[in-house]
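Protein chains in written order, with this note's numbering: chain A, 1 to 208; chain B, 1 to 111; chain C, 1 to 432; chain D, 1 to 675.
Treat the hints with care, as some may be off.
Said to hold, decoys possible - Here are the simulated EDC-like cross-link-like pairs (lysine to aspartate or glutamate), alpha carbons at most 20 Å apart as the crow flies:
1) Lys-229/C x Glu-89/C
2) Lys-360/D x Asp-85/C
3) Lys-360/D x Glu-195/C
4) Lys-52/A x Glu-172/C
5) Lys-52/A x Glu-107/B
6) Lys-360/D x Glu-172/C
7) Lys-52/A x Asp-67/A
8) Lys-52/A x Asp-246/D
9) Lys-360/D x Glu-46/C
10) Lys-229/C x Glu-195/C
Stated by the list, open to error - Beta-carbon label-pair distances, calculated as ranges:
11) Val-116/A x Val-89/B: 58 to 66 Å
12) Gly-52/B x Phe-121/C: 52 to 60 Å
13) Thr-127/A x Phe-108/B: 56 to 64 Å
14) Val-111/C x Phe-56/D: 32 to 40 Å
15) Leu-609/D x Gln-118/C: 32 to 40 Å
Just so you know, the hints here were simulated from the structure itself, not pulled from any lab data. Here a beta-carbon is modelled for each residue, glycine too, at the ideal position from N, C-alpha and C.
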Amino acid sequence: MATATVDTALDTAHEDHGSSTGISNTKLAMWVFLGSECLLFGGLISTYLLYKTRRGPGPTNLAIPTDVFDIPFTSVSSFVLLMSSLTMVLALSALTRGDNAATRTWLLATATLGGVFIGGQVYEFTTFLREGVGFTSNPASSAFFTLTGFHGVHVSMGILMLMSLYVASVQGNLTPKNTETVEIVGLYWHFVDVVWIFIFTVIYLIPA
Amino acid sequence: MSETVTETPAPEAEDHSHDHPSDWAYIKIALVLGVLTGLETFTYFETVLDWGDFLIPSLLFMMVIKFWLVATWFMHLKFDNSIFSRMFVGGLVLAVGVYVIALATFEFWER
Amino acid sequence: MSDPVTKPRRRVPRLGFVLLLGLVLAGCASDAELDTLQPRSGVADEIYDLALPVFIIAGVVLTLVCGAVLYLGIKNRVATYEGDDEFPEQISHNNSLEIAWTIAPAIVMAVIAVLTLQTHFSINSTEANAMTIEVAGETVEWEPTIVVVGQQWWWEFRYYLDGTQITADDLENPWDLPPADIVTSGQLAIPTGEEVELIVTSRDVIHSFWIPQLNGKRDAVPGRFSPWKIEADDPGVYFGQCTEFCGLSHSRMRMQTIAMTPSDFQDWIDMQMAPASFDDELQPYVDAFRAGEPATVPDDASAALRGLDVFAGQCASCHLVNGFNDLTYDGAETVSGSAPNLTNLMSNTTFAGGILNLYNPDGSFNRDDLARWIRDPAAVKDNRADDLPDGEMPRGMPDRNLTERQIDDVIAFLETLGSSPGDEIILATEVE
Amino acid sequence: MAIIEEPLALETGSPGTVDQPLGMLTRPKGGNGWRDWVSTVDHKKIGIMYGVAAMFFFVVGGIEALLIRVQLAVPDGQVLSAGLYNQLFTMHGVTMVFLFIMPLAAAFANYLIPLQIGARDVAFPRLNALSFWIWISGAVFVNSSWFLGGGADCGWFCYSPNSGVTFSPGNGVDFYVFGLLIAGIASMVSSINLIVTVLNMRAPGMHLFRMPVLTWMLLVTQFLLVFALPVITVALFLLMFDRLFDSQFFNPEAGADPLLWQNLFWIFGHPEVYIIILPSFGIISEIIPTFSRKPIFGYSFMVFSGIAIGFMGWGVWAHHMFVSGIGPMSVAAFSLSTMFIAVPTGVKILNWLATMWGGKLRFSTAMLFAVGSIAMFTIGGVSGVTHALAPADTQQTDTYYIVAHFHYVIFGGGVLGLMGGAYFWWPKIFGHMLDETWGKVHFWVMLIGMNLTFGPMHVLGLQGMSRRIDTYAAGFGFEAWNMVATIGSFVIAFAVLIFFVNVYRSYKAAPSLPAPGPDPWDARSLEWMVPSPTPEHNFDEIPVVESEDEWWHRKYGYDEDNRVVRIATIEEAAQDGSAVGVHLPAPSFWPLVVAVGMPLIAYGLMFTLWLTVVGGALTAFGLYSWALEPVDDPDADHGHGDGHHGDGDDDHDDGGDTDEPTMAGVTAGDDAGGE
């Protein structure tokens, strides 16, 4: 009966990469993972929305995050994170061209912008704490710190990955054949960015 | 005979890199994103412009545009296999649907 | 390898019938006080009338499926494929048939859905039905509304009879509810023939209030005030059990609903509204206590007076008796901040969260169980009230390490609080 | 399990030292006893390990169930204290759901998906091993609570605020939280892996709509997992923050709403029901056509109804909350959506019956389990419809009627189906049959047992017996039926014992019986074209698929009268497993190392922080070493065209031509830290 190796029997045109769909396993896995992450951040965002005005027990009237938001400051850090997405695509683009120096520059820029964002977040957290909005104050603040903290951890993971790529590039191990690796790290990075686009509007800008 | 266990795809970069946008296109996208962020921030200063009832819809609209720009251009969904879009949009739509309904059971939208 | 195929037996579908039979039998059982298939109120009737036809439809579907399995199992069975080259006709699909049996159940469901929605909105609607009651000599138009508060592991029922109608919107904090005119625990008294609105909440974890013969259940969620209703056609005692898992003594959290004719209900209100009355020997002690200077009780005082002293020292920090410690009471040192109000204890039929009867079937006072409960509550009902690690607040009644004499005395005092609900009600509380 | 311990088919080259980047663990070579098992990345061995571990926890959960039933046999039972009873029913639920039925389904998914789609392995073999080891470390972690202060006592649903520190001060709930988080990471990694496998690793010609129904149902299951798990992850994190760091997510006194937990839990929990039942539906859909000698009736309806169930399963969660006070409009909406999920389920049952219609039914043990499963599931299904009616549900919910319902669904529909699958695929997995006579006794005893146990619970529930009560008073009419149910539970236990005896006897008898050959049942899908037990490399040559039920079509054709005629014997059509030199992914110890670190992190957060540091370091070290370890053994021979990846040194993320390291370095690492 008809059996054949993959190399010889390809019954549809789109299977010509060897995988049934012609797409990369890893990239597909990353996209499935990002789809799943939507449910994770959705849960955290919904929790915050549900709790955003809950100040805790009656007369004490504790402060909630919306009382102490510093919109101009957050806008700047949102802009920084947004621009890190640009440097990320530029890094990938440079690697595709085989321009290793530019790749390294843009990778480092991306990680740095991410670091600036994280620094801004740490500053914001400490300011909030000073103004009496602590993690344990009330449901609103617990939900706020958890949501933005989860996002911050994601950004930090991304920075770790970017730095790993940077080191690999310095050691000469990042070549145009690794574009997919960079692209996948980029997908993760952009995802963290779009989550922040959502958070910035829904959590910060839309009034309570 | 021998063959590999994983019918490993060749790296895809060379296959679709040619239809990737140029760096300049990326920069233009980023400019649009920056301008939108600026507009969004402007809404915070109500003295500049009174958005009235349009505030929330326009904020959401700008958010969707930004989201869409990053996903389609920076994440290449526009150029890549539609399976990726389906996986991501599937999760996104499911998340929005489920959580909107969940918040509805708390009568969140009636506030 | 050998592969003897046993004859297909009829076990599969038969068990389905056994099950149906079981359902029918359950419906006939007369001694099940919690039976959901013995509705005793209009609301419970509505639910029953909705469920019964669906049970029947379900039974028919089940019979058809199991019958088909049985029929095919007998008709199409072969012992082995060995040596059998004949294949049955290879039918792989039939789209119209399949569309038909996709649509058919959808239609059945649509019919059931309409019936369901009717019943659903009906049992979730309320009607304005003020009844006239006398409260402290004044006539009050009262839309029967009772606040039901669950906590580990008993129920509190609060009646607001001052003429201003209480609603869920008036309530914010289950830990600090407005003072009520009547506060009972363990048993909910309602007038027959009236739709009684319930506002269900909790002071600690989630509980569920359920009197099966009168209506379905409604969860008591801390911080929420959920509307529910209850009604009874006939006077009687109806039993209930907490149905949302609420921790250690979940199984020992029961409740009763006592439905009375409106005139009996008026008598009940009169009895409950009267503050605790103390006899001539106790009253001076009470007065001194309320003045903040409790008197010393001589050892040869009556048992009731000595019991009052024990109560003041050991019990009054948690339990309220209106007219005695209601002025200085500032909340029990439990998680929930509350313990049953004992003002008219003896008018109750049950105590310890609805698991023990205050009266024997012959109408006599059930001293033994009450003593047992006071002596070592944890032995009667699991709780977390004693020997707690630092920082953990008690839940349930603690063991106060009373001597036998103190127990006798405090029971003698408790016996003076309120009067018996009457033999008829006492008899009805006996579970066969 | 020695049966399939054949030497690896891969040529390992010189046995000399392998250059290890961090040199602590020598690259495992396979083929040497337990090291082979702990380092394996073979989907078949991982599947077997899932199955064995699941059956172990089935016994654990079963003992818990028996203790529960002993306590409830008579009124005012005194066997267990209330506290212990609460732990037992909690751990019974957790064990049966997360440690028995899900991993048993995962066992079938791992073993069968690559075979059914004509692949050599899953897409990410090492991640597959990682899933298993993380899961088992979570499973051991949860059960270690018995020795460290007692198990969780909050119910498997663990409603807040009862699950908070105030009301559950011990460590039990912490074990629940961390155990489920760890097991969740495992399921998440596994489901992404299997989704990619199904979508990307299919043999030539294996279009999606030629895949066996089982593969389809497992695919739907993996999608449900991948989207449902993050939701419970959120809930568990919030609860963990409340318990460990005093946040205010579920503290009503601070204005929090306990229903938030219920929503998050059931948004996960209801898809979870379908995660449990759909694999069984798939198995039934494989068994019934085989033993009816007919193709599955309405393949596309079967597939689409499975997808529809998976889809609609997202819109019904609040039917667990009909009495929680969510408001009449919400209740009405969820009542309607719940009713209509009965439609695709009904389609499945009718299609199975139509497959049997006009067929030649051979009642092997597998067939008996499959048919029994249909009947039992139907009982659970129709009782499910009765509580889709919100008003009726106000009477039924949280009573034994619900307990009866979901045990008919999960035990009747799920476990019976999976048991049928065990009998069906046993020869494929172990190379010998399970004894049919014992199997039939097993079936009937189990069927009788489950009906004796769960049937009376319908009556008890309608009589008003609440769930989760450790005692009940005499006089409410509960006595007789409870005794029957307790007797029934021991009948089930006896049936499980029969199964184990059968396994042992069949193993002992196997050498003296003729080998079953590749296809003992005259079955239909691709796994039956390879020898039994499946060779390490699965397929000698990857088959080219030309139709649905490909394997059957290689054996049978049609004559001019459209009658079925044999065109090839099994021996002619099957592969003989003789291929040598097939390149297989190399074993690795790192998945195990990564997995071992995770419970240590959790113990540390509960007891003493330095353990967290140790666990975190171990996990990080494992992940780092993993990322540096080339996906393929550089010494292994392989003829892959562009295989130029292996200098074996610090080639970070050599994702260019292999599919795995990036995933390992990026996603798995992210899982560990980011979720």
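Comparing the hints with the structure gives:
1. The hinted pair formed by Lys-229/C and Glu-89/C fails the criterion: a straight-line CA distance of about 60 Å is larger than 20 Å.
2. Between Lys-360/D and Asp-85/C the CA atoms are separated by roughly 11 Å; this keeps the pair inside 20 Å, and the hint holds.
3. For a cut-off of 20 Å, the pair hint linking Lys-360/D to Glu-195/C is broken: about 61 Å separates their Cα positions.
4. A distance of roughly 18 Å separates the Cα atoms of Lys-52/A and Glu-172/C; the hinted pair therefore holds under the 20 Å criterion.
5. A threshold of 20 Å between alpha carbons decides the hint, and for Lys-52/A with Glu-107/B the separation of about 14 Å falls inside it, so the pair holds.
6. For the proposed pair Lys-360/D and Glu-172/C, the alpha carbon gap of about 68 Å is over 20 Å, so the pair is violated.
7. At most 20 Å may separate the alpha-carbon atoms for a hinted pair to count; Lys-52/A and Asp-67/A meet this at roughly 10 Å.
8. Our distance criterion of 20 Å between C-alpha atoms is met by Lys-52/A and Asp-246/D, whose separation comes to about 18 Å.
9. A C-alpha spacing of about 48 Å is found between Lys-360/D and Glu-46/C, which places the hinted pair above 20 Å, so the restraint is violated.
10. Note on Lys-229/C and Glu-195/C: the hinted pairing holds, with a Cα-Cα distance of about 7 Å set against a maximum of 20 Å.
11. About 31 Å separates the C-beta atoms of Val-116/A and Val-89/B, a value inconsistent with the hinted range of 58 to 66 Å.
12. In this structure the supplied range 52 to 60 Å is violated for Gly-52/B paired with Phe-121/C, their Cβ-Cβ distance being about 37 Å.
13. Taking the beta carbon of each, Thr-127/A and Phe-108/B are about 28 Å apart, not inside 56 to 64 Å as hinted.
14. Distance hint for Val-111/C and Phe-56/D: a CB-CB separation of about 47 Å, inconsistent with the stated range 32 to 40 Å.
15. Checked against the given bound of 32 to 40 Å, the beta carbons of Leu-609/D and Gln-118/C, roughly 59 Å apart, lie outside it.
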